[in-house]
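Student: First to last, the sequence lines map onto chains A and B. Numbering-wise (numbering that gives the first Met the number 0), the first sequence opens with residue 0 and increments by one. Numbering-wise (numbering that gives the first Met the number 0), the second sequence opens with residue 0 and increments by one.
No wet-lab data here; the hints were simulated from the structure. The beta-carbon is built from N, C-alpha and C at its ideal position, and this holds for glycine as well.
Covered stretches of chain A, going by a simulated chain B footprint (3 or more residues, C-beta under 8 Å):
(1) 14-28
(2) 37-50
(3) 53-63
(4) 438-450
(5) 733-743
Straight-line alpha carbon distances no greater than 20 Å define the calculated EDC-like cross-link-like pairs of lysine to aspartate or glutamate that follow:
(6) LYS92/B <-> GLU20/A
(7) LYS754/A <-> ASP74/B
(8) LYS527/A <-> GLU296/A
(9) LYS92/B <-> GLU742/A
(10) LYS754/A <-> GLU91/B
(11) LYS507/A <-> GLU11/B
(12) LYS754/A <-> ASP94/B
(13) LYS92/B <-> GLU746/A
(14) LYS527/A <-> ASP293/A
(15) LYS625/A <-> GLU84/A
(16) LYS78/B <-> GLU738/A
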Amino acid sequence: MPQWDLANSDVILVMGSNMAENHPIAFRFVMQAKERGATVIHADPRFTRTSALCDIYAPVRAGSDIAFLGGIIRYILEKDLWFKEYALHYTNIATIIDERYQGPDELDGLFSGWDEEGKRYTYESWQYEGMTVPSSLAEHYIDTTESFNDETKRLSEGPPPQDMTLQHPNCVYQIMRRHYAGYTPEMVEKVTGCPAETFLKICEALTKNSGPDRTGAICYAVGWTHHSTGVQMIRAAAIIQALLGNVGRPGGGILALRGHTSIQGSTDIPTLYDMLPGYLPQPHAFKPHETFKDFLEMEQTPTGWWANFPKYAVSLLRAWYGDAATPENDWGFDWLPKIIGDHSQLPMTVAMRDGVIRGLFLMGQNPVVGSSNSHMVQRGLANLEWLVVRDFAETESATFWYQGHQVRNGEVRPEDIKTEVFLMPASLAGEKAGTFTNTHRLIQWHDRVVDGPGDSRSELWFVHHLAKRLKALYAESDRPQDEPLKNLTWDYSEDDVMGEPSADDVLKEINGYTWPERKQVGDYQDLKDDGSTACGCWIYSGVYPAEAHNQSRSRCPDGPDGPGTHLGWAFAWPSNRRTLVNRASADPDGKPWSERKKLMWWNAEKGHWDGHDKPDFPRTKSPDFKPDWDSQPQGMDAIGGADPYIMIADGKASLFVPSGLKDGPLPTHYEPVEAPIRNPMYKVQGNPTAKRWEHWDNPLHDPGSPDYPYALTTYRLTEHHSGGTPTRSVPTTAELQPEGFAEISYELAEELGIKNLDWVVLTTARGEIETRALLTHRLRPFHYDGRIIHQIGLPWHFGWKGYATGDIANVLTALIGDPNTSMHENKALTCNLRRGRLGKGH
Amino acid sequence: MGVHPRAQDYPESFLPGVIPDESELTVGTKIEPGKRYGFFTDTTLCIGCKACEVACKEWNSLPADNMGLSGMSYDNTVKLSADTWRHVMFVEKVDGATGMQPFQSNWLMMSDVCKHCKNAPCLEACPTGALFRTEFDTVVVQQDICNGCGYCVPSCPFGVVELSMADGKAHKCTLCYDRLKGGLEPACAKSCPTDSILFGEVDDLVERAGKRVEELHERGVTDAYLYGAPNTPGATGGLEQLNAFFLLTDRPEVYNLPPAPTRPANRLAPGLLAGMAAMAGLTLAAAAIFSAPGEKRR
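Work out the full structure, taking the sequences as your base and the hints as a guide.
Tutor: And the structure:
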């Protein structure tokens with residue numbers, strides 16, 4: 000949903016996010032909603048600047064979010080307050096699941112299919128009865144087997160088995176009722192620490208403000224993703240919104256607040272190791288991806304929009320390899336690198352330390368401050384052959400070799416570190432042209448307004464000239480392994496004497512053009528799988544639809560009386576659609592659910608979808624369209640006219656996810672890997688599939704360990720940006736939060752004899768840091784089972800460089816990962832605390 | 000405020016130059032000499048992001064002046080000064096809080112600024128004319144005229160003006176005099192994401208603020224009141240009205256504002272009379288003292 004659409008919400012739940020502090024501009028629209036009478040709720044371990052502006056504040060213990068959200072799901076189901084017309088037709092609530100399925104309610108915390116030895120699940124028993132459902136494309140995982148593909152083809156043989164009366168014991172509705180039966184308000188209070196009364200007030204606010212005439216939104220950020228159960232927290236929110244009919248409608252949805260100006264762009268055209276641009280899967284060496292044909296067959300979803308996957312894959316290869324890509328050589332498929340496992344940041348840190356990775360580019364990233372287990376990161380950097388740091392100031396990551404912890408504590412001497420460090424000055428946003436893609440997929444162009452100082456260059460300049468030099472170096476090579484580099488198209492024009500490549504050319508290629516004429520394509524629906532089109536990222540198609548038309552430059556807002564979708568303002572992928580799944584803003588017959596929440600509707604006279612937005616649905620597909628199952632329909636032919644979720648194989652929102660998730664089809668409360676208590680809900684303590692890299696320098700704390708009795712949560716402040724380089728080195732922002740600190744409740748401070756601004760030492764098995772104590776009532780202890788559980792809050796921006804300095808919080812954190820994303824768990828850890836300072840050389 | 004129709008006149012990300020009368024697009028106010036401009040700072044909308052502080056320092060090229068952890072909640076700026084013309088203060092009231100009310104609750108945040116008083120004591124105290132009233136009815140110091148006497152400093156009842164350690168002259172908020180001349184709203188107001196700081200014509204702002212207070216009362220925020228609007232706390236002691244005024248929900252002292260500020264000039268007449276009376280008394284006494292021996296001598 001667009002951020003500005005939050006102003007249309009009747010209730011907004013902010014959870015897993017400190018929105019006012021970290022997304023102040025987006026919070027503008029929350030305030031507008033408030034002005035119009037919306038109820039705003041904040042659930043968080045700390046009372047923050049966001050909490051101060053809310054109508055209801057719910058204190059929840061860090062890492063207990065699924066217990067809280069599961070409680071809301073139970074409330075909705077048991078009180079029968081779900082939006083039936085919506086959920087019955089638009090979600091898989093009526094779908095019947097395999098009879099072998101068993102849930103954590105029966106298996107004390109595990110799902111059926113658990114493989115104790117491999118610490119993983121097999122997914123057969125999670126499938127729809129009699130049919131195997133693939134997840135949307137990029138969520139395929141190596142655990143899928145060859146036969147999986149043959150099974151998914153059965154999706155074309157008929158609709159998934161459903162019981163619209165919801166009486167079947169294995170329909171999703173009945174499974175969910177059993178699954179969440181234990182998530183009572185009393186249990187929510189026990190597990191999360193949030194008073195049952197407050198919790199029930201929130202349930203009432205959410206359900207009262209959802210339905211045909213009203214909508215609600217949920218905003219989250221890294222407060223959910225940074226957990227070993229992060230994906231399932233977001234899933235729980237998705238279930239609530241699907242049950243309440245809050246997806247695809249004005250003021251309804253889930254807003255994933257992004258932490259940087261273009262972090263959405265960096266997943267669309269990814270810096271992620273396992274995806275190609277546009278959420279296409281990266282070929283995998285251990286999957287049946289030997290040939291392009293195998294790759295397509297394996298990864299293509301037979302039904303739904305993703306059936307178009309081959310068009311996007313061929314067009315991408317054409318864009319990258321130009322004329323060298325031919326049908327005979329599989330469009331150059333063999334030149335794509337194949338992954339062999341998890342190459343994300345946490346295992347990469349281990350791989351650096353172990354000498355597997357020998358060189359590293361850091362572009363606008365400062366992992367010594369920003370990555371988990373900073374000591375291990377520094378050991379990793381010290382074990383490289385070369386390191387290139389591109390930033391606008393000298394960062395901690397560029398100075399580890401003479402100022403780092405291991406140098407200071409005598410573990411290593413600078414002259415013994417072999418890493419050759421290159422510090423390259425980088426331009427800032429205003430010093431280069433290009434686009435940002437923001438939280439709601441809006442691609443906005445910005446011009447270069449001033450040249451960067453000295454030798455600073457843009458990322459584009461750096462990568463462009465690096466590529467040109469590499470291509471020149473390998474031009475004469477006849478070794479097969481050099482083919483990918485030799486065949487890479489690289490013909491961007493250069494704008495000025497400095498050789499700055501044209502960002503315009505790059506965006507044109509991303510949009511796509513015909514081959515070989517290079518005529519811009521207007522939309523991704525123009526892309527072909529026969530090599531006649533080239534496209535750098537299919538979902539961005541339409542951003543540059545004609546030679547002289549860069550839609551991302553457009554700045555035409557709707558006037559005061561306009562519909563407020565602002566279709567003339569920049570470009571939102573795909574096809575300039577502002578709200579995804581907006582078919583769901585109309586009822587199954589195609590009529591708006593209500594006048595107040597009108598967005599799209601079926602115009603029977605003209606035979607197409609009309610409305611304030613671009614339809615996220617085939618424009619002329621009538622609401623009464625039914626797939627002709629006798630013809631074994633493929634792709635969109637298998638999606639009915641009342642199935643809005645076109646990217647899902649059955650066109651319905653997945654309340655229950657049959658495949659694509661490694662830790663279960665339904666969100667379940669597990670304690671964080673490092674938790675102060677035992678799991679009050681199941682015998683299984685933590686997420687059984689969580690990734691743990693237990694090495695000598697990454698030891699993990701046992702649950703309830705008396706050595707580390709306090710809960711620790713790390714976070715950001717408004718005044719600083721992530722690793723701190725852009726703000727700690729600028730005086731006007733540095734002075735606002737000039738020094739590291741830990742937030743400690745008065746109760747804990749009294750127990751330990753700590754006064755405001757005293758020096759304190761925080762300890763985990765990974766390391767210890769010293770910082771100043773900031774006493775506050777905004778952090779409160781939780782009571783559990785007659786025990787007091789204290790929480791400590793620690794901002795993680797600080798390091799030894801710049802004007803605002805402090806010890807590195809990530810010295811304390813660990814390599815622990817969500818099984819689906821490998822995202823770390825720095826929002827919920829345990830630690831110890833004492834008054835005092837560390838000695839020299841810490 | 001919705002989108003201004005004139006916004007559609009600029010359909011591209013590239014602008015040929017400054018948009019004429021830009022403030023009309025951003026805040027709905029056209030800036031014209033001879034009218035009275037100011038700020039309405041509504042604390043119930045403030046999220047404490049400090050964008051105003053940063054925008055102010057960036058636009059006015061002010062240096063950082065305080066690089067230390069204060070231990071006072073998230074307020075490390077501490078006060079307005081020669082180099083800090085916007086200051087966001089934080090007051091934690093979580094302890095003992097009984098509930099939440101609509102808009103800002105239990106953690107007060109307020110962006111303080113020069114009040115640009117209708118009867119400005121600093122201006123009245125300035126012997127050189129360095130402090131003057133502009134064509135926008137704001138109060139500005141001209142550092143090229145200021146002789147650094149410092150009379151303005153104690154005369155300000157709000158502690159706004161300060162002599163700079165760098166040049167020894169008085170410095171304070173100019174309500175972005177240069178921006179107003181260029182048709183731009185002040186930097187702090189423009190950067191405020193939640194419109195807690197509103198820039199506009201003072202009479203309009205007073206009217207809007209009055210409605211806002213009524214609306215807040217209706218929604219249960221019965222503590223809301225204006226500080227510095229005519230006939231409210233802050234507009235006391237002969238100051239009459241503050242061109243930069245505030246909506247508060249707790250006593251002024253909680254926000255470090257004087258509950259009943261006064262204009263030192265008010266004390267001028269009684270002071271002068273008292274002084275004259277004293278002089279007269281002394282003269283009489285002297286006359287008595289010096290005349291008596293003469294009489295004796297005589």
